[in-house]
Every structure is written in structure tokens, then in C-alpha cells.
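Below are the chains, spelled out letter by letter.
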Amino acid sequence: MASGRPLIDKKLCKGCELCVNVCPQKVLAMSEQTNEMGVPFARYDDSGNCNACTFCAMICPEYAIQVFKNQEVLNKG
Amino acid sequence: MASGRPLIDKKLCKGCELCVNVCPQKVLAMSEQTNEMGVPFARYDDSGNCNACTFCAMICPEYAIQVFKNQEVLNKG
Amino acid sequence: MSKKIFMRGNEALAEAAIIAGCRYFFGYPITPQNEVPAYFAMRLPQVKGTFLQAESELAAINMVFGASAAGARVMTSSSSPGISLKQEGISYLAGAELPAVIANIMRGGPGLGNIAGAQGDYFQATKGGGHGDYRIIVLAPYSVQELADLTVLAFDLADTYRMVCMILGDGYLGQMSEPLVLPKPSSKHFDKSGWALNGAKGREPHIIRSLRLNPEHALEDLNVKLQKKYQTVAQNEIRYEEYKTDDAEYLLVGFGICSRIIKAAINGLRDKGVKAGLFRPVTLWPYPYQALQNCAKNVKKVLVVEMNAGQMVEDVRLALNGAVPVDFIGRMGGMIPEVEDIIERIESYAA
Amino acid sequence: MSKKIFMRGNEALAEAAIIAGCRYFFGYPITPQNEVPAYFAMRLPQVKGTFLQAESELAAINMVFGASAAGARVMTSSSSPGISLKQEGISYLAGAELPAVIANIMRGGPGLGNIAGAQGDYFQATKGGGHGDYRIIVLAPYSVQELADLTVLAFDLADTYRMVCMILGDGYLGQMSEPLVLPKPSSKHFDKSGWALNGAKGREPHIIRSLRLNPEHALEDLNVKLQKKYQTVAQNEIRYEEYKTDDAEYLLVGFGICSRIIKAAINGLRDKGVKAGLFRPVTLWPYPYQALQNCAKNVKKVLVVEMNAGQMVEDVRLALNGAVPVDFIGRMGGMIPEVEDIIERIESYAA
Amino acid sequence: MNEKIIFAGFGGQGIILAGKLVCIAAMNEGKYVSHIPSYGAEMRGGTANCAVVIATEEIPSPMVFNPTVCVALNLPSLKKFESRLSAGGVLIYNSSLIENGPQRNDIVAIPVKANELAEQAGSYKAANMVAIGALLKANMQIASLQAVKDALSQAVSKRNLSFNDINKKALTLGFESVKTALH
Amino acid sequence: MNEKIIFAGFGGQGIILAGKLVCIAAMNEGKYVSHIPSYGAEMRGGTANCAVVIATEEIPSPMVFNPTVCVALNLPSLKKFESRLSAGGVLIYNSSLIENGPQRNDIVAIPVKANELAEQAGSYKAANMVAIGALLKANMQIASLQAVKDALSQAVSKRNLSFNDINKKALTLGFESVKTALH
Amino acid sequence: MQLNTKNQLQENLIFTRPSSLNARPHHFCPGCGHGIVHRLLAELIDEFDIRQNIILVAPVGCGVLAYFYINVDGCEAAHGRVPAVATGLKRVHPDNIVIGYQGDGDLLAIGIAETIHAANRGENITIIFINNALYGMTGGQMAPTSLVGQKTKTSPYGRSVEEAGYPLKACELLATLAAPVFIERTSVHSIKQIIKTKKAIKKGLSNQIKGKGYSFIEVLSMCPTGWGMKPQAAVEWIETHMVPYYALGNLRDR
Amino acid sequence: MQLNTKNQLQENLIFTRPSSLNARPHHFCPGCGHGIVHRLLAELIDEFDIRQNIILVAPVGCGVLAYFYINVDGCEAAHGRVPAVATGLKRVHPDNIVIGYQGDGDLLAIGIAETIHAANRGENITIIFINNALYGMTGGQMAPTSLVGQKTKTSPYGRSVEEAGYPLKACELLATLAAPVFIERTSVHSIKQIIKTKKAIKKGLSNQIKGKGYSFIEVLSMCPTGWGMKPQAAVEWIETHMVPYYALGNLRDR
Ligand SMILES: Cc1ncc(C[n+]2csc(CCOP(=O)(O)OP(=O)(O)O)c2C)c(N)n1
Ligand SMILES: Cc1ncc(C[n+]2csc(CCOP(=O)(O)OP(=O)(O)O)c2C)c(N)n1
Ligand code: SF4
Ligand code: SF4
Ligand code: SF4
Ligand code: SF4
Ligand code: SF4
Ligand code: SF4
Ligand SMILES: [Mg+2]
Ligand SMILES: [Mg+2]
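Residue numbers (the working numbering), protein chains in the order written: chain D, 1 to 77; chain U, 1 to 77; chain P, 1 to 351; chain A, 1 to 351; chain F, 1 to 183; chain L, 1 to 183; chain X, 1 to 254; chain V, 1 to 254.
No lab work stands behind these hints: they were computed from the structure. The beta-carbon is built from N, C-alpha and C at its ideal position, and this holds for glycine as well. Heads up, none of these hints are tricks.
Only pairs whose alpha carbons sit at most 27 Å apart, straight line, appear in this in silico BS3-like list of lysine-lysine:
1. D:K11 to L:K113
2. P:K297 to P:K275
3. V:K230 to L:K125
4. A:K4 to A:K188
5. V:K151 to L:K158
6. A:K192 to A:K48
7. P:K3 to L:K168
8. D:K11 to V:K230
9. X:K203 to P:K201
10. P:K4 to L:K168
11. V:K199 to A:K201
12. X:K199 to X:K210
13. P:K3 to P:K48
14. U:K11 to F:K80
15. L:K158 to L:K125
16. U:K69 to X:K192
17. U:K26 to X:K192
18. F:K113 to U:K11
19. A:K201 to A:K48
20. U:K10 to F:K80
21. P:K228 to A:K301
Listed next, the stretches of chain L that the computed footprint assigns to chain P, with coverage defined by at least 3 CB atoms under 8 Å from CB atoms of chain P:
22. 15-28
23. 56-63
All chains should be built: construct the whole structure from the sequences, respecting the hints.
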């Protein structure tokens, strides 16, 4: 299975929780803290279980999520 | 076959000729004369061949035609 | 004294309309008057009335036309862009001599502008935004209480003269809440059986229309009749308020919410010993030309304050006809004149 | 001298627009201006332009908005009720500072009225029929020749100031045929690349809008800018005609077709030895206040003649500010003031 | 000269065109001209008329309240305009359709068998041309017969150009039908 | 007395209701009151505020340019209104969300842990009530704590009436959190 | 019944002007379909005996004077707004029979929003829609219903699909809505269709009387003037040009 | 390809903000579908590389600032008039890609006339239609698309069929017209539908690029604020309430 990680811009997050609900790996959760706008923001649990499916980013209405995927590259060394 | 006659109010007639064209008995024609509005009006040829179908009256946009039908009534005399 | 309730302007307007016997409302959402339709939507079914959200302002004003032709007390409400869309319909109502109440809770323009309160539609309301020579009665309340009171009056005026009566408020007034004693319905009865449509039962048909084709001067005849009616209204229905004008050396003129700022400025000026007073037209059409002229007889200068680029100031000039110099302060785009600016300007006259 | 052709006002208007480089027309049929769209429908395809009959006046004015935003010379045309429907769109054009030419070939109102020529939309055109503080340039031709000439000018004015310019004619002018020397296109070039929309190729995006939300006074800033522009127009673009005013004791004021009746009356009066003259504003906005004031300096009385219930007369009063008494003759509903009535009225002053 | 002419008749009798044709001819001869159709009241059918002014000086008002000349092609038109005609004015009327001419004595009434002469020229539709012909003879200042004939190609729409021979014939017949010129 | 009060915070913090509640209480006590929400610019989200005037005489202008009191429930609100506050004015701010209080020295700043106290009262939603409580203590002329509690049933919509016990508790907690009354 | 020689012939007036038609000539051009529809409506008003219960809403278009010809309470509507005005009337007087009469410019161009929304609300009204493929009153401009290639004042080179799209089909459009109870397209170019038109309008009125809801009757109608044809040619043009595009028949009858 | 132990893992950014989106936060409420559609549109503008060719026409509604967020030439339209403004723009610049973005109040209530006529003319434009079953921007009033029984500010007792009729189906209505080349209804309440939405908008843009004509994409979209729900509840409400009424899928693809 592919792996990766989401990068969430907490300043942009409005706390809608859609990403949390859509994540098939259940690796996102709402933070206890709030951001400048006063809302709790989404966090990746850093479990390493993200599969880089990008669902969270696709549904985020705030463009707050970027996704990195771990991809193999030819070791040209 | 039924018989009857159309009664055309020449003052109302605008000379569209629709009645003339629709009459199955071909008993209507446009007069050579014109009415007050300056148009030739429709005339019954008094042939007695009108079958009282009322088509002429139905299509006349000017309500210029009335139709009489000859109907038998019980002779109570 | 009746019990005071605390109510938002827009809701007071709607409740007052219901008190006045209005049972039909046709409207389309627009900020800052959304509480008007919302309130009607909630209340009208409770009093066996009809609230209908129209598909557009055009549909709304023409539904009003129909309901009014049917003899009902009916109103619509909107804000600036929506009122622009109703102009053809208003002209038709005027031409057909149908009574109707229309509220314009003005916002900042032109175009989409913004939704803050403004007074940029004075010309549109008073000089005729629609085509042809017609007039509508225009009432300009300046408090929630007056908004409610004038709404009741508006229906009576509309029915009395078979005219459109417009409540010209603004976003601030519509959004503002104040203590309110609910107005009482008027006891006037209006017999519409002579013209309203309900099927020509045992009488000649009634026709409601503004089309006038034959003879050649049929339309002029209608217009002459309308103009006569307008003259009667101008004779009977002028309303205005004077505030500390008795000894005023400087006369301020403003309408609606803006005149409250002016009052604050006048209080400030009086505190400083400057004799300033306020003339506040309540009817913007018919405009209190004569009253204003009388009121300004002994003043040194007149200052008109509006939340627009200078519209009512033309009527002030027409009223004074050169007798007193007229100055103007205006703020636009939803901005509100500041008390200090007014005070400063008046003080500058003395300096 | 160029060759004279005999042309109907409405068609001269359309041909002049094409001469001015107008290649887009969006309109909706209405009498008495139907020859305008018909002419465009026939001619525009010949010059690779686009004629589109819109589904309504609302659609038409908003198509004009789009085409103007795209940087094109574009116009629409209608008559009174149709112009009422365009008021929201006109306010949007003003707010977005888009140039456009609109012809109003006025008819009798209010409401459906009739289709005879009339001047009942003066207020609507000059004071703002739409919402908010905006102005449009209003040109009032009085002959087929001037109609054509002013149409060419209208496009230049619209582009110069990024404003709506309205040709305010009436049914008689639109229907009337007269000899005409086709106008020449102006040689002015207007660079719209700084704001027009055509895809943000190698530049920052352009945005065409009137919405102004942030900061708080953004909309006021826009309005202040607009008002400044309007002042510039008022300084530069005043147009009017004087006829036999040099020694006039009585000054008649009228615009459009009506001023031709007045000219006939003046000729009649002069024949009788009465010194009468005509002041004819060609720009109704900006209004020639100052010129009129100057012109009326030495007259005994001013008589305004309009084909309405008295609209421009307010601007005349504002111009004269009480210096000279102002009288008024108006006919409504498509009726035309009669030469004899004017003569009689003027003679009554001397008596 | 400042002639104020009303042309009037049924819609379809070519009233508007008649006015236009006279205007173009006079314009081509250097006169001032104006033409306003009465364009009905968003109504179909009925009568049509147009007001034409032909003058040697600039025309202040193109409106015609009291015509100096009236050409009436049917009875309703005659009824409508007879009273408006200024004293001494000329009334040319279509005696093919109008049995009884005008009542007034202070005007010059000229009956013209417009329909019959038109048929004679080749088409009953040319009655308007017959009337114009009569007008040109009655008042020779308005325009010359030749100028009107020349103007036909400018005034008539392309698809009707083929009628111009008939039109010219009708003009001539009308012209000749009037015995004496008034001016 | 003529207090010009701004209530400000996020949309959703119950800012408008707070202003309304205070108005009704003061009105019931016989004062003149007015309330204008800043109703946003056809925009969703963002901050909300309302202008309230409480006076012993008729209120000429209901507008508040320079408030005498400001209740700021979040940082943007504090930033926006701090500078507008009139000299000597009172600033009540939500120290649960605002770390650094105001900069100005010529005003009275009163931090209130609105969120914490609200949670303590039973719901974080009652932060507005905590702030009102603090306001009532800071300026005892506006309205009495009891009047505000009594007004709750008038101000709150029916479906939220069940929260009124929490609201009352929050009002009290806020009231008690301010040590000394200023007026 | 057997012929009875004892019986004698008597002249009976079997077709005459409906009594709810005013005795005045109307302004329509010779051969205009409006006149036929006016008569049918008046006949039905007589037959239902509802003259004293009608409110007739006239459009801006050649039908503008409908209330002038039919002897009932009448109401003008601004161009295109018949359905809105009718809605206002009907909401106040649910017991009146409110009839809207509209042309194709009125109903499908400027007034299409009101048309669709009144239909969609299922207002209990009856709309009679005169489709004459152009704007008659204003002198023959292109309408939403003008046929492809049709030359009008504003489509002098013929209606082009590229510029103006295909002619709109009102019945088919409204048939996508749930609320209307009756939608039918008829014509007045033949006796058969005139009879159908009358039947359709009858159904539309009886639906309203029964409180069933919105009924819509589209009538193809001759406009000899606008089409630049003699009336008989106009009749034929409907048969050869309009009927093939605007299929006659019922689309809904609940 | 076989895993090659010689290869090493590298972190690649596979999802990031489209470059034609301006780097500013937008004004939409938490969980609002508008934001998702904005992003999809921006992604496609990037993918087609047409940013410098677009003219975006924004409505009056919560989408009013679309041109503020997407970095293209933008044009305002009065409420409901997007199709008319787009027509004007496109007729002048046939080579620009003109995109109209509209809400349901804008497109189906006040602007339904312009919608139908632009579609019927087959204007070569692309319309993105956000159906959120009410008027978002003005605070949650009933829209033509509000569901039966749905409570809004102006239907406090729930939308009643008797008073307001059935919710309008834009796609089905437009599908009665001949000209449109593409009509599809999608949603943004699920990943699957978000992908479909993107595909549909893509088709709409490519149709325009190819000069094929009018494309219409209706997107069911969450309005948590207007519906008085948390965003997740709004997502579920689309699935349980909207989708059953507004069938997802393509109605035309030529
Ligand atoms: C707002 C407005 N726009 C335009 C007109 C001009 N107008 C009068 S009738 C009409 C169209 C008539 O066509 P249609 O509805 O098809 O009726 P018809 O005359 O063909 O029966 C138009 C555009 C008007 N009166 N008002
Ligand atoms: C002429 C006019 N009428 C009304 C309004 C007020 N208004 C602004 S947005 C809107 C409706 C928005 O609803 P919708 O189109 O569904 O868009 P949403 O906000 O739901 O995305 C209305 C009625 C306006 N600005 N102009
Ligand atoms: S990319 Fe997929 S697995 Fe990873 S956090 Fe996002 S939704 Fe979850
Ligand atoms: S979807 Fe976006 S806005 Fe919503 S919680 Fe997740 S990161 Fe925040
Ligand atoms: S009733 Fe029938 S047969 Fe008799 S004249 Fe009329 S159409 Fe002809
Ligand atoms: S149908 Fe009527 S109007 Fe036409 S010719 Fe016959 S009688 Fe005359
Ligand atoms: S123009 Fe056409 S629709 Fe109008 S009256 Fe004449 S024939 Fe009938
Ligand atoms: S009101 Fe609805 S549509 Fe508008 S931004 Fe908020 S959630 Fe989105
Ligand atoms: Mg038609
Ligand atoms: Mg919506």
C-alpha cells in the first residue's frame, strides 16, 4: 500500500471536519487547540498510516491540505 | 342532408376569405362591393345549398357570421 | 401607555403591516431587508394571509399588481437593486391607480455596491424611477417606532388615493432594534367595490389598466386626472418635524436615519451655544416645500446632510428658491455622516 | 456639402451608431423604436457585427454589460417601459464604469400608456431611475440630423468617461423622416486594454464589478471617484443651443422635439413684435445651469414647455434660483403643445 | 412656401409611402422637408396618415395640427381631417370611395377617382400615386411631376421597383385629372 | 447616562444576542435603548459586532463611532475597536482567546476568562453571557444583573430557552469575576 | 326518429355571437387567429355560465384588449407578467376564475420566468397561449417560437439556429414540471382544430372550477400581417410549417 | 514493475493548491461546497493551461467573489444575469473561454429566463451551477430547489407543494432544449462525486474550447450554515435528501 502524509495549513482550516470523516485510514482528527480564527483545526496523527489517497485534500473546501506521497525513485547513485 | 343559411354581417366582415375557403358547399364568395372599411365582404350565394355545418361561422375571426338551420318541428296544429 | 417591546425595524415594519390589515406579501430576498419576508412568512399563515416568495422582484411587483387589483391590502419590500427592478411595475401601478405599499430598505449603490444603509435612492423614489409622469407617496421614518407608525399610515394613504406609498428606510433602520409600542390599526374603511376585480357579479365589468388608446387624448385625460390627484395629496398629506428651529440661526435638513445624527450634532452645537435646528421632512413626496421655506425664513444658512451625493438638497434649493444659501454634507456607499463633521461645518459658518 | 438622404430618425440613429463603430446591438422590440433593431438586424451582419434580439430588456442591458466589459462599442435601445426595466442594469454599468450607449425613444406613460411620442422620462434619465448615486450623460436631439450627429458623439462620450450615454428622443423624432447628411466617424481612439476583459494574457487579471466590500469605505471611495468624474463631465460636456436670445425679453426653454414647436412659436411671436427666444439644452445631464442663468439674465420671464407634467422645469428653477419667474406649459400622454397656446401664454405676460 | 400636408387613408393604401415620395422629390429640388407617420396605437388595421411639411425655409415644427393640404383616400380620413384643414386649404379626396365630399365652403375640394385611374394605370394599388399626381397639379410649388417620378426609385423598396412604370402612369393620370393648378 | 457600547466577536459567539439582551433589560428598567448589528457585507463568516446605546434621555443617534464601552470576545475585535474607544472608555475582553490585552493606557481594560467561565457555567457557548456579567459589574448603570436575567426569556428564542439556567450562571460568574465596579 | 310529414321546417339560429362578447368590432387584422380564440373563450364562458365570475388577464401584445371585447372583469398585465398578475388575483380571490391570455413573445421571451414559476407552483389558473410565431403587435419581430429560417423584421435573413437557437416549445418545456394538470397544443387553422381548441380551453376552465390546478393551452394561430401572407396562405402555413414542428395534441391531462 | 531494492523512497507533493487559485482565504463558511468547486475549477484551468484565456462571470450569491479567488479576468453580473453577461462577453470574444458560475436562486429563480434562453441559443459557454437548495448569501431563504418540507427562513413551516410547488430540476428542464451539448448533475458530498464533478466541468470546458456549444454542470453542494447543520451532517443530507430527488448523472453528452 502506498504511503504518504497530509500537510495541513492550520491557518486556513475552518474546522469543518470533512477531512476527518473522509479519511479512509482514520489518521486525521481535530485538534484541541484553536487557530487564529478561533476554531479547532484538523491534524494528522503522524501515525505513518496515511496512504496518500488525497481524499482529505479533495474534500477540503479551504485548500488547507497538501498531500505528499512516498514514491520510489531509481537510485542512480 | 341538413339545410340552412349563413347570415353575414357585412359591416363586421374584414374580407379574410377564410369562410369562403372553409365552406364545404362552396356557397360563399367575396362580393365585388366593398363595405365601409373599404374591403370586399363575404356573401352567401343564396343557392339554398348551405348545409348549416357552421364551419364558416366557426372560422370567422370577426364573429360576422350567424347560421340558421332548417329544423323540423312537430306540427302541433 | 402601551407596553414596549424591543423590535428590529424590519420586523416592526412587517408586524405593523399586519396590524394595518395587510394579508398579502409578495417579495424576493435581499439584504438588508430579509427580516421583512421572513417575518411575514412566519406570521401571515397565522392570520390566514398569504406569503409568497416570488421568483424575482419583477414577479413580486406584478403579483402585488394583481392582488391590489383584486382589492386586497398588499405590500412588497426590497432594497435598492430590487427596487430598480420594480420600476416598470410601479409605473404600471401608478397608471392603473392601484394602491400598494412598497418598502425600500436602501443599501449602498450604485450596482451591487454593498449592504450597508444608504440614502442613494431619494431621486428614484421622489422623482420617479419609472417611466412617465407619475408620483408615489414617499414616507421616510427615522426610528423603529415611526417606521411602524408610518407603515400603518402608508396603507391608509395608498387606499385613500389609490396610489403607491413607499416606505423609504435604509439598512440601518431596518436592522436596528428599539423599544416599540405597537401601532393601532386605523379605523378607516375603504370601499373598493367600485373598481376592484372579483367577477362582474350583478354589475358592469371593472377593468384595471393603464393602456389608453382612444380617443387621441385619452392618455392625457388620465394624466390630467393623476396630476390633479397628486395636487390633492400635496395639499393634504405633507408631514415633517421641526426640532429646535424656533430660534435657529442655522437650519439643518435631513431625512430618515441621517436626521438622528443631525439631532446629535444639534445637541452638541447647542451645548456650545450655537443655535442650530433641524427640519426633517417625513413625506419626501409630497415634499414640504412651503413649510421648509417658512422654517428657513430667519436662518443664516441651511445645511443639508444626506447619506448620498446630494439628492434631497435639490428639493431644498427648490423650496428656498435662492432666499437662503444652502450647503451640503454627504457620505456615500453606506457610510454615515459623523456628528463632529456636521458640528465643524456649522461652526465654520460663524468663523 | 455631402449628399442628403431622406431617413427616418430611428434608422438614422442605427446607421450613425454603425458609423461610430458600434458592432454590437442587443435589444428587445418595443414601439416606437422598432426600426432601430430592425435596421441593425439588417445592417450589422453586413459589417461583421452582431445583432442579437434578447429575450427581454433585462437580458439586453446585461448583454450590453458583458459586451462593454469585453471592450466593444455596444448599444441598446428601447422605449419608456423597456427603459424602466433596464434601470438595475444601468446602475450596474455606472458602478462598474462601463461605457455604453442607450437610446430611449420615449412614449406616453405611465404604465402601458400609448405609443405616441412624449417626454415623461426626463427625471428618470437625468436624476437616476436606478438605485444609488450615479449619473449618465443624457443627450436630447431635436432633429434627425442632430439625432445622427449626437449618436456618433454619444459613443465618444461613453468611451471618454467610461459612462453610460443616453440618447433621449421621443416617438415623433424616432418616426420622423428628414433630410440627413450622414455623420462622419470621430477620429478618436480609445485604448481599453487597461481594463477590458479578454483573458489575462501577460498581465494581471482585470475585474469588472461594482461590488465593494472591504475595507469599510471601499464603496465610498468608488463613489467619490464617480462623483469627481461627473464633475469633470459637467465642466467639459455642456451643450445647448440659443435661438434669438440676444434681445429676448421672454425666454422659452424646451428640449428635443418640443423645442421645434417652441421655435415655431417664437417665429410667430417675433412676427408680432414680441421678443422671444429659445434656450435649448442639448445635454440634459450635465444640465447647462450656468449657461441658462446667463442667458436669462435680462429676460422678464421664462416659460418652460415640455411634453410632460413638468420635469425639466425643476432644473430650470434650480438654474435660475429665484432670479427670474418661471412658468410652465406641459402636455402629456403623447400630446404635443400647440404653437398657438405658447404664443398666447407669452402674450399674456405682456398684457 | 410652407405647406403642411396630411396624407390619410386605410392602412395598405400606401399613405406613408406617398408622403415619403413627395418629400424626397422636394428634397431633391432643394426644399426643406419633414415627414411624420401617425404610427397607430400599437393597434393593427384601421386608418393611417402622415404629416408632411414642404418649405423653402428651415422647418421649425414638423408637426401638422392644421394642414394647408389634405389628401384623403377614404371616408374616415376625410371626416377626420376636414375640420382641421386651415381656411383656404386644399382637400384632395378619393371620390372612388367617398361619395359625398366635404361640407366646408371655405376650402378647395378636389375629387379624384383614384381607384379607377389606378386600375387604368395598371393596378388598384397605385391609387396613392394618382392622388399625388393630383396634388402636384393642384399645388405646383410642392414638387414637379418629374421630380416625383425621379424620386420613385429612392422611395420604393427594391422588391416593388417593378411597379414603377405603373406608378409613373398613375402619377400622370392623377396630374392630368386636375383641371387647373391653384398655385 | 449615555453609554455607547460595542459588542464584538466571531459570528457564532452570540454577539448580537448579547446586545439585545442588555437592551431589553435596560428598556424594562425604563431606559432608552437602541441596537444596530453590523450585519456583514453579504459575506459569510468573519466577525460580528453590534452597537448598543443605553441612555437616560432620548437617543438622537443610535450610531456608535467612538464607543464608551467595548466588549471584545476575540482578537480581531479587540484590534478593530481598541483605537475607536473614547478616552477613559472601558474595554472588556475575552482573555481566554486574547493573550495580549490592549496597548492603550487611557482606557480601562478588563480581562475576562469568558470561555473558561462559560464552560464552568455549563457550556462554552455562554461566553457572551459571562462578558455581559462582567460588563454589568464594570458599569452598574447600564442595567442590573437581575434585570438582565429576567430579560433572558424575552431575548432568547424559544428553542434556546432551556439554556437559560446555564446563561444565568454564566452571567453571575462574569459579574463576580470583575472585582470593582467603575461607576 | 322517423321523418314525420306532419312536421314543418323552421329556421333555427344555431350559431350566433356568444353573449359575453361585447358588440364591438375588434382591432385584429383580417384572418387573425386571435379573433377565433376570443370567440371560443366567450362561448365557453357562456356555456359554463361563469361570466360574472371571471377575471381575465390580458397581455401586452395583440391580445392586449381582450378585456375590451369579452364582457368580464379585466386586468392588464405588464409585458410578460400575466402569470404573476394572475397569481396575485387568484391568491386573493380563489373562487374567481382567473384566465391568462398571452402571446408567444409575452409568454416565452420576456415572461418565461413567470410562466415557468406559476406553472411550477401549480397556480389554479388557466393560461391560453397564442403562438403565432412572431411578435404581432410590434410589427412582426422574431419570437422564441419563430421557425428556423423564418424571416421577420429582426431576422431579415431568416432565423438562424446559430444566432438564435431553435424555436422554443412551450408545452414540452412545461411538461417537465410536476404541477400542471393539463397541457395541450391545438390550432385554429382548421375546423377540426378549432373544435379541439374549444375542448381544450373547456378542460382548462373546468379544471380551474374544480380547483385542480394549472392548465395550459397553446394555440397555433394565424398572423397574416406579420407573416406577410393572405389569410388563406397563413392557414396553410400553419399546416405545412408550424404543425410539423409544434406537434398538436395533449401532453398532460390529469 | 518489480520493486527494486536499489530504489529509495522520496516524498513527492502529489496534491497542492492549483496555481490559478489566489493565495487568500475565502469567505465561505466551514464545510461549504463552493470552496471545493472553486478548487476543481482552478485545477482544470491549470490543467488546460487556459488561465490567460478565461473570463469568469460571477453571480450574486455566495459565489460572488469567484473572480477574487481564481486568478483570471472576472466579471460581475447582476443577480440572475450571468448568462446574459456571458453572452455579451462571448459574442465579442469568441476565442475567450467564458465560464458562468451561479447559485440556485440566481440561476433558477430571478435568472431562469436568461438561463433558458442562453441555453436555447446554444451560446458557446460553460455554466457551473451550485445547487445548495436555498439562498445562502442572504441568510437561508427558500430557493426553487429547496426540497419539499425543507424549512428555511421564508418557509418556516417547511416548503409546501401547495404554496410553492415542487423543487425545480434544472438539468431536466434544460434537457428539453435542442441546443445544449452537455448537461450533467454531480455533487461534492463524496470523493466519488467530487471526481465526477471535476470530469464534468472538464468536459464543459473542453466543449467550449472545441466550439461545440453550451455546457451545463449542476453540482449539489453543502450549505451547512443555511441548512443549520454541521458540515458532516450536510454531507449526509445531500446523500439522503438531495440525491434521491436530484438524480445524479449525465443527461446529455454530444
Ligand atoms: C417592457 C415592454 N417591452 C416591450 C414592449 C413592446 N411590445 C408590445 S407587444 C410585444 C410583443 C407582442 O408579441 P406577442 O407576445 O407574441 O403577441 P402577439 O402580438 O404576437 O399576439 C412587445 C415586445 C412593451 N410594451 N413592454
Ligand atoms: C436584484 C437583486 N435581488 C436580490 C438580491 C439579493 N441576493 C443576493 S444573493 C441572493 C441569492 C443567493 O442565492 P443563490 O443564488 O442560491 O446562491 P448561494 O448564495 O446559495 O450560493 C439574493 C437573493 C440582489 N443582490 N439583487
Ligand atoms: S491522504 Fe488519504 S489517508 Fe492520508 S490523511 Fe488524507 S484522506 Fe487520510
Ligand atoms: S477539510 Fe479542511 S477546513 Fe475542514 S477540517 Fe479539514 S483541513 Fe480544516
Ligand atoms: S354553414 Fe357550412 S355550408 Fe353553410 S355557408 Fe357556412 S360553411 Fe358553407
Ligand atoms: S371569415 Fe368572416 S371576416 Fe373573413 S371573409 Fe368571411 S365573413 Fe368576412
Ligand atoms: S398583427 Fe398578427 S396577431 Fe396581431 S392582429 Fe394582426 S394578424 Fe393578428
Ligand atoms: S451560506 Fe452556505 S453557500 Fe454560503 S458560504 Fe455559507 S455554507 Fe457556503
Ligand atoms: Mg406572437
Ligand atoms: Mg443557493
